[in-house]
Amino acid sequence: MQANHKKYTLSELIQGLDVKLKGDPQCIITGIGPIQQAQVGQITFLTNPLYKKYLETTAASAVILKEEEALDCPVNAIISPNPYYTYAQIAAFFSEQVKAPTPGIHPSAVLGEDCDIHASVTISPYCVIGKEVKIAENVYIGPGCFIGDGTVIEADSRLDAHVTLYHKVKIGKRVRIASGVVIGADGFGFANNKGAWHKVPQLGSVTIGDDVDIGANTTIDRGAVEDTIIENGVKMDNLMQIGHNVRIGANTIMAGCTGVAGSTVIGKNCMIGGGSCINGHITITDGVMLTGMSAVTKSILQPGLYSSGVVGVVPNEEFRKNNARFNRLGNLMDRVKSLESRLKELTERVK
Amino acid sequence: MQANHKKYTLSELIQGLDVKLKGDPQCIITGIGPIQQAQVGQITFLTNPLYKKYLETTAASAVILKEEEALDCPVNAIISPNPYYTYAQIAAFFSEQVKAPTPGIHPSAVLGEDCDIHASVTISPYCVIGKEVKIAENVYIGPGCFIGDGTVIEADSRLDAHVTLYHKVKIGKRVRIASGVVIGADGFGFANNKGAWHKVPQLGSVTIGDDVDIGANTTIDRGAVEDTIIENGVKMDNLMQIGHNVRIGANTIMAGCTGVAGSTVIGKNCMIGGGSCINGHITITDGVMLTGMSAVTKSILQPGLYSSGVVGVVPNEEFRKNNARFNRLGNLMDRVKSLESRLKELTERVK
Amino acid sequence: MQANHKKYTLSELIQGLDVKLKGDPQCIITGIGPIQQAQVGQITFLTNPLYKKYLETTAASAVILKEEEALDCPVNAIISPNPYYTYAQIAAFFSEQVKAPTPGIHPSAVLGEDCDIHASVTISPYCVIGKEVKIAENVYIGPGCFIGDGTVIEADSRLDAHVTLYHKVKIGKRVRIASGVVIGADGFGFANNKGAWHKVPQLGSVTIGDDVDIGANTTIDRGAVEDTIIENGVKMDNLMQIGHNVRIGANTIMAGCTGVAGSTVIGKNCMIGGGSCINGHITITDGVMLTGMSAVTKSILQPGLYSSGVVGVVPNEEFRKNNARFNRLGNLMDRVKSLESRLKELTERVK
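Protein chains in written order, with my numbering: chain Z, 928 to 1278; chain R, 928 to 1278; chain P, 928 to 1278.
Any given hint could turn out to be false.
Each computed DSSO-like pair below joins lysine-lysine, with the alpha-carbon atoms no more than 30 Å apart [as the list claims (entries may be wrong)]: (1) R:Lys-1126 - Z:Lys-933; (2) Z:Lys-1264 - P:Lys-1278; (3) R:Lys-1061 - Z:Lys-934.
Derived Cβ-Cβ restraints for the label pairs, each shown as a range [unchecked claim]: (4) Z:Glu-1059 - R:Glu-1023: 42 to 48 Å; (5) Z:Asn-1258 - P:Glu-1275: 22 to 28 Å; (6) R:Ser-1265 - Z:Pro-976: 36 to 42 Å; (7) Z:Asn-1254 - R:Glu-994: 36 to 42 Å; (8) P:Arg-1255 - R:Lys-1278: 29 to 35 Å; (9) R:Glu-1023 - Z:Pro-1028: 36 to 42 Å; (10) R:Glu-1275 - P:Gly-1231: 47 to 53 Å.
Don't read these hints as lab results, they were simulated from the structure. Computed from a prediction, not measured in an experiment: that's the story for all the values here. C-beta atoms are modelled at their ideal positions from N, C-alpha and C, and glycine is treated no differently.
With the hints as constraints, model all of the structure from the sequences given.
In structure tokens, the structure reads:
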């Protein structure tokens, strides 16, 4: 729940934004609420048509919405070509003003030799940092992080508590990494010899571009030969697994619990639904959208919206019948084939 | 493997329980064993019919079971209307008597200003705790935990090692959180503007009720506007992902590797099978059971047992054929339709 | 990206290996590259037929490959019966010579009473180690690890940063555990009584054999009664969930994001594809291979390659049609049955 000691007029909130205000610019806004629960003094937004039904009766003091919804808005309307983006900009006013931490290295932090840490960097208690690590200006390292030898973190990036970066990882600018993330652990490479598995050295590392977000407990493995690469602007949710030598293109967004097997290349501007599994050694071109729980077994060479399998729950009894029917499909096909030839024969007979 | 230096008579073990003993109350029990391997001196239980076949020959000294199985029990029988619950109560006698840690704050713990920590609290080494944190009586905080500003933990809760609670999280009473859990990281909200994704501030937090259990490396994101809410008595397994603004109803139990996308509401007393994916912005009513690997795409409004898809492995060759047949279903339907009209025509012709 | 200050002749690299060299034993190799990008001075390998097309034009100075590919190799050829294994052996020359850490216990490490730590062990900063812990020779414990009371780690094992081992866990020799792994958290056992779930004490622990590898953020729960057991030579990827009382047989290899529910036994020499879900209380025999995203609901009693479900993405529109067709399979079967009886009747009529 948000703290409520902030106050802005609507005209303050929209200053500089690409929006039109229909209503009172002096209206005081003290917080944010969802459209169906917002109260007087709160601002809300309408982007999902599922929530349109709440517009008429919302108690919010203002709604961010599209031109075509504005007529139905009973309160102050902030008309935007992209209401969700406008909401993101306005919500920032009500975000916890986490006071910028006083820069400095906590005395408990353990640093290796020959590190290059900018004076504006914050390193929290109980961090352990290897040798020859380079951390640029305004980076924030949360409590209990581990950073391996030779790793580089560019300016304005943020590691929350308990992040692990192995050695020689490169993190770009303005990257945000949530707690529990592990970047640069060895890729999963084993060669079988006479029944036993032998480790294949993982000689590459991981390169993360600028403006990347990585969700809690996600793992990104280091490359076998070359680096695993996450390009600029990629957004990843929690509990993702990115295998060695994967490359993910700029501005691709991936929802949680998705795994990408080794050496696969995903293009730019893709949207990957949660719980998906993507095979190794394949290519997904730019602009591909996958719905949730997609099982991608082969390359996808044309942009578009793709899906796999049979989804959507039904009562268990029906599910059991459907599974049985699925397993009798071969029989069904044979029977249709037989019907066709018998019917043809009969038709000729009665000519 | 359990340590074996405890001894109880059957009558001590069942004192106060809602059970009947058929056999010798003075029989000495020194430990627990699975029915097929238990030895003299051990107590076991029978709940899963798969294991009934072992009852006749079990070497255990006593078996906890239902009335209707008691006749077949060759040894001391503890007859219970709910044998698994009775087992849970008796097993507690043989649980590691983890000596209650001496309360106190380890000198290495780093605490922010204005915390309110009860004198009975244990804070282990290398914890980092923000400012204005409130921790009630008998809470145990394991080594290396991070607790953000303004977070509240109610009485008798336990955080194992390496738990991360972000700022302003609320944890109820008697909550158990396993290692690697991350609660309160930012929800996955990004608004697209001209191809780039912009972070939507996540202004809510997470509220966890009383008697909740959360398994290792599970992640629960903070809400976008309001809190993400886990109600009393919810039990979650490992490696779950709970998106922002999800609400999970009281006494719902969820098996591992399950993901719930943002703003979905799950009712009370649900049972969610492992590896399930639950879409965002939907409602699952009270008393819904989902088998494992369910892909829930729409709201479920009636209680009952639900499932999705095609499950159960078959030899790969058959699987490939089934996949091909599945993709030819449209063709099969067309052929059946054509058969129907040709047969009708023929039938009329031979009238 | 690899550091490039190492130099070996081909004859040095292959000394003692089961290979034949076709080419110049004095050729200098300074690093490793993928076949399609390798440059002069680099060695590469060919194992995946997908990459055969790059052989003719590779700029590498040497290629590790099978006899039958050697004729097409335009550069020095290292002919091996098992090129990937040979590659693993040669790549080790170019692996980061992570200087063996100076053994010793960092002064910040907190140790309980009665530990038995060999003098050759490295314990990094901010580790917290319980009482009666035994750590054998040459074990490396990374920064910020937690090791519970009574846990035993055999010789030459390695825990990366932020690993959690609960109490009484047994870790074999030469085991490698990546960051964020949690071993020995309580299994997921709850007994329902009058609607509320009661914890079932988890009395067993976890036993990990020799030469096991465990990937980042994987969780392995302690047994309910007996131990959860991972046998020698098992290789596990990232973000796996292993339930209580599971047993995984020697030299089985399991790809990421796979979950195994409680009490299931997986045999030796199995290969489990990523994203699979394996039901509880079942048995998978030795030598079973599962393709990715398999949903295993019943025991598998014969070795072989198995799969489940419908995989492979199609355009979303086609997917929607297929889902609808799947749900009409019962109707289709009825129509085929009706056609069969009507055709039979008609056939008899026109006899």
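For this session: List, from low to high, the hint numbers that the structure doesn't satisfy.
Result: none
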